[in-house]
Every structure is written in structure tokens, then in C-alpha cells.
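> Residues per chain, in single letters:
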Amino acid sequence: MTYLVQQTLLYAIPLMIVALAGVFAERSGIINLALEGIMIFGAFMGVLFVRMMQSTYWIEYASSHKGYGTMQLLEILTMLFAGLCGAIFSLLLSFASINLKADQTIGGTALNMMAPAFVLFFIRIIANQNTLQMLSGDSASMFMIKKTTLGFSKNDDLGFLGNTFLHKVYLATYLCIIIYVVLSVILYKTKFGLRLRSCGENPQAADSLGINVYKMRYTGTTISGALAGMGGFVYSMTTANCTSNGDVAGFGFLALAVMIFGNWKPLNIAGASILFGLFKCIAAGYSSIDINGDGIYLLADIGVSAHLYRMLPYVITLLVLAFTSKNSRAPKAEGIPYDKGKR
Amino acid sequence: MKKKSFIQNDAVQSILSSLIAIFIGLAVGAVVILIVGCVNADIGISGAMEGVRIVFGGLFSTGRSASGASVATAYKSGLFNIGAPGQYLMGTLVSLSVALGIPSDKLHPILIWLIAFVAGTLAGALWGMIPGALKAFMNINEVLACIMTNWIAANLVTWLFDISNFKNVVENTKSGYIYKTAYNNVATAKLGLDKLFKGSQVNGGIVIAILIAVLMYIIMSKTTLGYQLKACGANRHAARYAGIKDGRNIVLSMGIAGALSAAGACLYYLAGNTEFYWSTYQSLPAIGFNGIPVALLASCHPVGVIFAALFMSMLDISGLQLTNLTAYNEYITDVMIAVIVYISAFSLVIRLWLKKVTGKKGGNKE
Chain A
1 MTYLVQQTLL YAIPLMIVAL AGVFAERSGI INLALEGIMI FGAFMGVLFV RMMQSTYWIE
61 YASSHKGYGT MQLLEILTML FAGLCGAIFS LLLSFASINL KADQTIGGTA LNMMAPAFVL
121 FFIRIIANQN TLQMLSGDSA SMFMIKKTTL GFSKNDDLGF LGNTFLHKVY LATYLCIIIY
181 VVLSVILYKT KFGLRLRSCG ENPQAADSLG INVYKMRYTG TTISGALAGM GGFVYSMTTA
241 NCTSNGDVAG FGFLALAVMI FGNWKPLNIA GASILFGLFK CIAAGYSSID INGDGIYLLA
301 DIGVSAHLYR MLPYVITLLV LAFTSKNSRA PKAEGIPYDK GKR
Chain B
1001 MKKKSFIQND AVQSILSSLI AIFIGLAVGA VVILIVGCVN ADIGISGAME GVRIVFGGLF
1061 STGRSASGAS VATAYKSGLF NIGAPGQYLM GTLVSLSVAL GIPSDKLHPI LIWLIAFVAG
1121 TLAGALWGMI PGALKAFMNI NEVLACIMTN WIAANLVTWL FDISNFKNVV ENTKSGYIYK
1181 TAYNNVATAK LGLDKLFKGS QVNGGIVIAI LIAVLMYIIM SKTTLGYQLK ACGANRHAAR
1241 YAGIKDGRNI VLSMGIAGAL SAAGACLYYL AGNTEFYWST YQSLPAIGFN GIPVALLASC
1301 HPVGVIFAAL FMSMLDISGL QLTNLTAYNE YITDVMIAVI VYISAFSLVI RLWLKKVTGK
1361 KGGNKE
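In the order they appear, the protein sequences are chains A and B. When the first sequence is numbered by our numbering, its final residue is 343 and no position is left out of the sequence of numbers. When the second sequence is numbered by our numbering, its final residue is 1366 and no position is left out of the sequence of numbers.
Any given hint might turn out to be false.
Quick partial rundown of chain B residues pointing at chain A, CB under 7 Å, derived from the structure [stated by the list, open to error]:
no.	residue
1	Leu1225
2	Tyr1227
3	Gln1228
4	Val1341
5	Ala1345
No lab work stands behind these hints, which were simulated from the structure alone. Backbone N, C-alpha and C fix where the C-beta goes; we use that ideal spot for every residue, glycine too.
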């Protein structure tokens, strides 16, 4: 059970934060199909950053002297860096769709094609192979928080809650939850959030009240890019052993599906991403999931092909979309370039 | 009425905007190569210049286009259809299963080829109709539905080939590949084209591809069906108001797009000597996504697609040359293709700008 909860969280958190990225863009009126591409880019820049920091003196010193605090600091720094890179990359989308009034679907698709191409091009040049890894060690031993990290001894039993939420977890998971809550409050409870949302519903009306629609849309898309870039790095750190290979397994698109399923509302999205995280977790580790701890691996014993489990998240997404899209409430002006002269 | 000069012609301007997109794409590729060359001491400036030369040289090396032509047959979906990889995979699955499943001593190979081609194309059409139907009747964003069907197809194909007995076990070095269809004596007729273009892989597939493109052109611009499809694309609600069944037409257009992607896959894999790596569940075939820039470059004109596809194949080949001759790798061509798509997204702006520029020139003359 502990394993199940932890694994589900590992998949759910990046989904949740990237789905929020989608919300910020769409609420301001821009369809951000490029989430996948931005995640790939963020993951690459994050891994590259970790790789470069690893050769500096203080990280070398910390890893040889068990400097857990330094490692967690590095993790936070890398998340910020990946977010910054994602924000910069997303400017390409905002420039095309806000200033040049381009087709947002094609622009997003272009970014989705550009990110893996760029990333693979540089990975080949840097590492001479198709995967960029850390210089040494693995993500778990560097960044994972364990009992011993927190000062407990190896034999301490922390109870179910302690075992689940304090042992073998990542700081990024909790940081992402905090960011998620704070940004949701900003979007729905502040003046700024109201203005941003008005640009996605009726930009002409917003403009008539003195809100700069272009600026708001840039802000929304840039926040979206930052969140997606950060989510990309978190995904690669927690589930892909801090490697980058120009692929995040369609997580950006899954996040879009989560966003639509969650009806563009934070609480629903959090629930939806946990549901999808669960399916992803089953797909990834169905053979080692021991639900009630009696040593029987139920899912593996059913004897269904592994391919079915891998297919499941996507099938469920389609089904869920089929049943929820009818009464979905998308921002009214999403995908429509803002034209001042139009009524 | 003032007669429009040559450069103010709409067709000329759309070609010009495509050319501008191509040029900017190549230029970005060249700049990336130069920057990497300057920063990375191992490669050096002379290597960088060599890379730039190859990138631009690709534009003019028509001699190699013939070998790219058989690949080009796959680039056929004229609609903005991001589900092409899935349809391509389903076409591959069905056509390969038929081509390998029916023993060639019971039925004539040409018949098997035909059945495999038709079945594969139909499979692609059906697979394409799924997101089409979801879009038309459930109001699901077709891009999302397509992405999901892509991944479902990738897993399904891997699963079915995994339990099939078509896996190539004869050649030990090739693990994870399906038998070539030539094992069952099924292969596309060469039609003497291999003698015309010596040393290339070209076969009858290119003829079929061109025929399909011409057929699509006729359907799209000369028939009622084509008009209805275009009307739905332009404005779904207006089309419904005019008495056109919009739902049916959306499903149909996605079905046609799926059939075209799958036909490309059939032509590619039924050629006889191409191998299919069946464990695809982790990545989608890039060839499906390549249909997007091709279609955009050709301004979605079915015949223009042929030339755009040839151009893309050349770009791919120059990418491979880049890998072989310099320290760079073929992904730079993907970067350029992506830049071309990006520029195409605001081709309208470029076209407006062109109108402004050429309009001024015309004004000066008078």
C-alpha cells in the first residue's frame, strides 16, 4: 500500500503541476499544446544543470560527505532553472500566437517537434549517445529523502503515515503541492487572477476596462511555460532517474486531458491527476504492486498482458474525455487570437 | 480592372511564403551548426562551414531525390491530422499481417499484395475515424483524441506482433524485427524504375503514390464530396446551416486522412525489403509526424504534397550525410523541419507582409 501511494504520487505530481500550467495558459486565452515540448525541454535543461553542477567543488564535497542539505538545495535550484528555461522556451509560442496571431495548434505542434529535435541534437553532441545521464550516481541516492536523511535510525518504524510520506520521498513532491496551492489561490482569489481569467473569457470586455490583454496573455503563457518546464524536470528526476532522452512518454498530452477532465478547476484537476497517476503507476509496476501486503501480487497473477496495462491510461483518458467533454466548460475565448477591432 | 502582376498572384505568393519558411528553417539550422562549431573546439569552424554547406546543398541535390521517393510515399495526409503515426502503425499492422499470413503457394503474390494494401488502408481509415467520431459527436478536441489513439495504436501493434509468429527469427542479429514481406514473395512491382534510377530503392509505390495524390486533388476540388469537406473545414456551423451533414463529413475526412497515412505505410512496408521494428510502444514513428510539415509546406494542396515530400526526403538525406561526414547528427534536420512548421503557423502574416511589399513596388511603377 505504501508503495502504491508513493508511486501514484510520483506520477500524479508532475501531471498535476503541468495540468495547472495548461490552466494558466488557457485561462488567459492561449491553447498551450506545447506542454509536452516544454516538459521535454525543461527536463533536458534540468539534467544538464545537475550534470554541470556535479563537477563543481561544493557538490563533489557534499556527495562524498553526505551533505543532504546541499543536495536538496541543488534540487530546488534545478527546479527553478528548469522552470526558467521552460518559461523562455514558451515565449516562442506566446510570440507566435499573441503578436503574430498564428494558429495556436500548429504553433504548439511546432514546439512539440522542435523540443525533442533540439534536445536530441545537443545530447548527441554532449554525450555522444541518445540519453543524457548524470555524471555519477543515481537520482535516488542524490535527491531522495530517507529515514536516515531525517535523522532516524534504519530500524525505526515510523508508522504507516511516516513510512509513506517521510521515507523514500522527494522534496520536489511537496514543493510542487505548495506551488500548486499557492498558484491556484492566486488564479482564483486575487485581482490579478480575475483579470487573467477575464482575458480568456471575453478579452474585448477586459480591454475596455483597461486591462492589457496582450500582457495578460504573455503572463499566462509564461507562467504556464515555467510550470511545465519544472514539471518536466520533476518527472525526469523522480521517474526517469534524472535522465533526458527527448521524451516524456506523452505526459504533456495526458496533462491536457487531465485539465479537460478536471474542468479547468484546481480541486478537480488534483483529483483527476491522482486517478491518472494511479493508472500510470499500475501500468509501470503492476507486477510488483502488493495491494494489501499479504505477499500476493494480484495484478500480475491475473495474467493479462503487460501491453494491456500500458495501454490502459490512454484508453481511460479517451473514455473519460468522451463522457466529460459534453458538459465541459472551457474558457470561451481560448484559441482565438485577440483582435482589438473585433466585437 | 487593374491586372495583377505575376508576383501579386495568390498562388505565387503562397509558394513564396512556403519558400520563405524553408529558407528561415535552413538558416536556423545553419546558425545552430555555426554556434556549436564555434563553442565546441573539437568540431571547429571549418567543420561548421562544411555542415552549413551540406545543409544548403541538400536543397539542390536533386540527384538523390529518387531514393527518397519511396519514403515520400508515406507523406500523404493533406489534413492537419496529428493522428497519422497511429494510423500509419495500424496500416502497418494489418498489411504486414495479411502479407505474411496468407501463404504465397495458395494465392498469387500479386493478389496477396492487393489484399494487404486494401486491408491496411481500410484499417487506417477505421482508426482515423475514431478521433473523427469523438470530435463530431462528443466534442472532444481532435488533437487530444488523436494523441491518445496514437499511443493506443503503438501499444496494440506491439502487443499483437508480440504474440504473433511473424517475428524474424531466421536472422539472429535482427532481434525485434518482423519478417520482410519478401519472405512470402510479396513485394511491390519495380516497373523498371530501378533500371531508370540506378542504385536506388525506388519501385512502383511512387507511381501509386502520385496516382493517389492526383485522385485526392480531383476528389477535393472537383466533386460535391470535396466541396462539402472543405465547407466543414472552413466553418462547421455555416456548413450545417447550408444543409451539409457536418458530423458525417468530419468523420469522413478523418477516415480519408487515416486511409492515406495507412496507404503510405502499406507502400513502404510492402516494398518487400523494408523491415518493421515491432516493439514500438515507447515511441511513435517519426514518419507520421513528418506529414504535418509536408502538408503545411504544400499549403494542403494534394499535388504540392508530392514536391514538398521530395524536399523533405532530401532534407533527411542531407541530415544523414551530415552524420556521416561531420561531427553533427541527423537531428538538426528535425530542428529545421520544426522551424519550418513554426514559420508556417504564421504564414498568413508572411503573406500579408508580402502583399504589402509587392503592392508598394506596383505602386511605384505607376
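> Evaluate each hint against the coordinates.
These are the hints, each one checked on the structure:
1. Leu1225: Violated. Min distance 25 Å.
2. Tyr1227: Where the cut-off is 7 Å and the nearest Cβ of chain A is about 23 Å from tyrosine 1227(B), the hint is violated.
3. Gln1228: 23 Å, violated
4. Val1341: This interface hint holds because 4 Å falls under the 7 Å limit.
5. Ala1345: 4 Å, holds
Consistency note: the structure conflicts with the earlier hints numbered 1, 2 and 3.
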